[in-house]
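Asks: Chain order of the listed sequences is A and H. For the first sequence, position 52 (counting from the first letter as 1) is numbered 51 according to numbering that gives the first Met the number 0, and the numbering increases by one without interruption. For the second sequence, position 335 (counting from the first letter as 1) is numbered 334 according to numbering that gives the first Met the number 0, and the numbering increases by one without interruption.
Hints are not guaranteed to be accurate.
Heads up, simulated DSS-like pairs for lysine-lysine below, C-alpha to C-alpha not over 25 Å straight-line [what the hints assert, rightly or not]:
{"hint": "1", "chain 1": "H", "residue 1": "K357", "chain 2": "A", "residue 2": "K348"}
{"hint": "2", "chain 1": "A", "residue 1": "K384", "chain 2": "A", "residue 2": "K348"}
{"hint": "3", "chain 1": "H", "residue 1": "K239", "chain 2": "A", "residue 2": "K26"}
{"hint": "4", "chain 1": "A", "residue 1": "K52", "chain 2": "H", "residue 2": "K325"}
{"hint": "5", "chain 1": "A", "residue 1": "K248", "chain 2": "A", "residue 2": "K207"}
{"hint": "6", "chain 1": "H", "residue 1": "K323", "chain 2": "A", "residue 2": "K52"}
{"hint": "7", "chain 1": "A", "residue 1": "K384", "chain 2": "H", "residue 2": "K348"}
{"hint": "8", "chain 1": "H", "residue 1": "K357", "chain 2": "H", "residue 2": "K325"}
{"hint": "9", "chain 1": "A", "residue 1": "K323", "chain 2": "H", "residue 2": "K357"}
{"hint": "10", "chain 1": "A", "residue 1": "K325", "chain 2": "H", "residue 2": "K384"}
{"hint": "11", "chain 1": "H", "residue 1": "K52", "chain 2": "A", "residue 2": "K52"}
{"hint": "12", "chain 1": "H", "residue 1": "K239", "chain 2": "H", "residue 2": "K156"}
{"hint": "13", "chain 1": "H", "residue 1": "K271", "chain 2": "H", "residue 2": "K239"}
{"hint": "14", "chain 1": "A", "residue 1": "K276", "chain 2": "A", "residue 2": "K248"}
{"hint": "15", "chain 1": "H", "residue 1": "K52", "chain 2": "A", "residue 2": "K323"}
{"hint": "16", "chain 1": "A", "residue 1": "K52", "chain 2": "H", "residue 2": "K271"}
{"hint": "17", "chain 1": "H", "residue 1": "K119", "chain 2": "H", "residue 2": "K92"}
{"hint": "18", "chain 1": "H", "residue 1": "K384", "chain 2": "A", "residue 2": "K384"}
{"hint": "19", "chain 1": "H", "residue 1": "K357", "chain 2": "A", "residue 2": "K384"}
What the hints contain is simulated information worked out from the structure, not anything from laboratory work. Small disclaimer: the values here were computed from a predicted structure and weren't measured.
2 protein chains.
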Amino acid sequence: MYNIVYSQGGVCASDGFFADGISAGLKKGNAKDMAFIYSEDLCEVASVFTTNKMYAAPIRHFRQMGDFKTNFVLINSKNANAMTGQAGVEDIKEVLSFCPLQAKNPIMSSTGVIGVRLPKAKIIDGMKLFDLSRRDSACAAKAIMTTDTFPKEIAFKVELDDGSSFSMGAIAKGAGMINPAMATMLCFITTDANVSKSEMQEALDEIKTTTFNAISVDGDTSTNDTVLLLSNGRSGAYNKEAFKEVLFKIMHFLALEMVRDGEGATKLVTYKVTGAKDDREAEIAAKALSDSLLVKTALFGEDPNWGRIASTVGASGVEAYEEKLKISFDNLCVYDRGEILFDAEMEKKCAVIMQHQKFTISCDLGVGEGSFKAYGCDLGHEYVKINADYRT
Amino acid sequence: MYNIVYSQGGVCASDGFFADGISAGLKKGNAKDMAFIYSEDLCEVASVFTTNKMYAAPIRHFRQMGDFKTNFVLINSKNANAMTGQAGVEDIKEVLSFCPLQAKNPIMSSTGVIGVRLPKAKIIDGMKLFDLSRRDSACAAKAIMTTDTFPKEIAFKVELDDGSSFSMGAIAKGAGMINPAMATMLCFITTDANVSKSEMQEALDEIKTTTFNAISVDGDTSTNDTVLLLSNGRSGAYNKEAFKEVLFKIMHFLALEMVRDGEGATKLVTYKVTGAKDDREAEIAAKALSDSLLVKTALFGEDPNWGRIASTVGASGVEAYEEKLKISFDNLCVYDRGEILFDAEMEKKCAVIMQHQKFTISCDLGVGEGSFKAYGCDLGHEYVKINADYRT
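This is chain A alone, in the form it adopts within the complex (with noise of 0.2 Å):
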C-alpha cells in the first residue's frame, strides 16, 4: 500500500528540479514568455505529442534527436515554431547553443502563433535571465501561457510502505485549440521517482486516453501539443501502481483544468455515455457531444435543449436508437427510451442544473457495455472574441 498527498511547488516539488519563469518581450508590456525547467541529474525522457501531421518544429527537433537523456527543457509562448520546416529546427538548434553550460542535451517546447520564424535574438537574449537556482514552479507555468487566464500546476507526494518516497509535478497550458490527440495544449510533468523509461512511456500511453485525450475546447487539434514526463529517480524509490495513480491524478486535474479554462468558458461538462456497443462507440458519442456547436451555445445559453443531445449522439455515426436512449442532466431523467419526460416542471430544474459550473450530461445507449468520460465547455461570446483576433 502507499499513501498520495497533495503537495507545493508544481515541477519543483521533485528533488533536484528547478524551474523559473522570465519575460524576454516576446509578450507585450513585460508579460512572462519564457521558461525553464533544469535537473541537477539527467533524466530520462517520456512523451506524447499531437497526432496534427503538421506538427511543430519543437517536435520533429525532438524526435531527430533520437534516444537521449536531458536536463533540460527551454518553453517559450507566443509563437508556436510550426509551419516553419526544417528552418524552425535550425532555429532551434542556434537557440538552444546558447543555453546555460549545465543544460545537457536540452530541448525545447513552444506555443503560440503558428507561422511565424522563432524570434531568435530575443530569445537568446532572454537566456541571459535564467538563474538555474530558482524553484519557481508557479513562475514557469505563467510564462508558458497564451489565452489561459490563470496558471495551471499540482504535485503530489508518494509515501510507500518501507518509508521511502517519491514525488511529481507538473504545469500546463491550454486555452485554446484543444482536442488533444495531442493541442496547443503543453504539459511539463517532473519526478524523482526511480522509473525506468520504458514504464514511464507505457504509463503515459495509458493514462493520456482519459485524461487529455478525453477533453476538447473547440475540437481544434493543434500543431504543437505536448507532454514530456522528465524522471531523474532522485528518490530512489519506485511503486508500479502508484506511479501510474499518481500521474492519473496530475494529469486528469490537469485536463480538467485545461477545459475549466477553455477560451471563453463558463462551465466544466462531464458527458458520460455509458451502455454503447464498446469503449470506442462510447468515446465517439461522448466527443461528439463535447465538440457540437449547438450543445456548447445550449450549455452557454443554460437551455436544456435535450434535443440537441439526442440529435448530436444520433449524427455521431454510433449504434444508437431512439427507444434505446436515455438521456439525464445530472440524475434527472429527461428522456426515457422512447418516453419525454421533459415537462415545464423538469426544464426549470435542467435551468439550475445547467446554472452549476459544473454538471454532468449522461447518455445511456442502451446497445451494450461501452462507456467513456469526456470533458467539455461552453462556447460563448468571449471564445469568439478571443478567436476573431487573436494574433493582434
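Add chain H to chain A, keeping to what the hints say.
Replies: Frame of chain A; chain H shown alone:
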C-alpha cells in the same frame, strides 16, 4: 442540345403545381408557419433524408408508406416532430386525415424544436386556411423558415431541341444544424418533366454530394434533413442530361443560399482542396476546414491566420506534408511548399480579400489528384446569440 433559362414562381413554375403559406399560430405574432405543395396530378417522388440515426417522425412516416405516388406535401416550421417515436408518426397520420379532399397519399415534413409533440389542433385548424388554387411559392418558402433571414426559392425552364420544354422549381430552408448528410435543412423541388422515379432518384443521389452535402454551417447534422423531388410528368418533355444539369443548378444554388444565410454568417467561403490522395480525402480536408471553429472565427475577425488552415488540414487525418502543402486566399499564395510567403504587405492584401462577402481558400496538398469543394461560413456573435437561447 437544350437551353436552361431562369424562371419565376419557385415550386409553382412547374405546370400543375400549387403552393402557399399560412399562419397556424405555431410561431409568435401571426408569422407564416405552415405550407403546402399540391399537384393536380399524382407525382413520382424521389427523396434524400438525414443520415442521423435519430431521424424524425415525418421521415419514419414516409418510410413506412412504402412505394407510393402523392400530390400533397404538408410542411410546418417551429416543431421538428423529432424524438417523438411512433407516437409522432401517429400524430402525422391523424393530422393528414384532415387534409383537403383532393390530397392523395399526403406526406408531411417538419422543422423546428426537437422533442416536443406536434400541436395537432393548431395544425388541423390551420389547414382550413389552405386555398389549393393559390400559386404563392414565395409565401410557402417563408412559412418553412426557422432562423433563416430570407426565403429561398429558384426555378428554371428547360427548352429542348424538339420544341418541347419542362420546368423545375424549388423552395428550401436552412440556417442552423446544417451539415447535411442530409441536415434541419428542407428542400422541395417540383418538376413537370416526364421523368421516371428511378432516374430522378439516381440524379438526386449523384448531385447531393457536391451540393447539399458539401455545405456546413455548424457541423451539426439534423434529425429532419429532407430533400423531396416531385414530378407530375405534365410537360411530356424530358432529356436526361438537361434534367441533371438543371437539378444541379437548383441544388447548388440553394445549398449556397443556405450557407450565405447560415446562422449569424457574414461570409460565404469556398474551400477548394486539390492534390489530395483521392477525392474522398479532399472532401475530408475541405469539410474539416469548413467545420473548424478556429478557421470560422478567424474569418469572422477577417484575420488571415493561415496557420489555422495548415493546422486544420494536418489534424484532419488525411495524407499531408508541410513540405508539399500550398495555401492561397483567392489567387494570393501565402504558403508554398515549405516557404512562408506571408509578410506584412501580403497580410494587408489578404485582409482586403477577407473583407469580401465571398472568397476562396485553396489548399493544394501536393500528394495526388483528389479534389473537392466545400462551402462554409464564418462564426460570430450572432451565431452564439441565436443558439444560446433557441427554444425561447
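Asks: Okay, which hints does this one fail, numbers in order?
Replies: 1, 2, 3, 9, 10, 11, 13, 14
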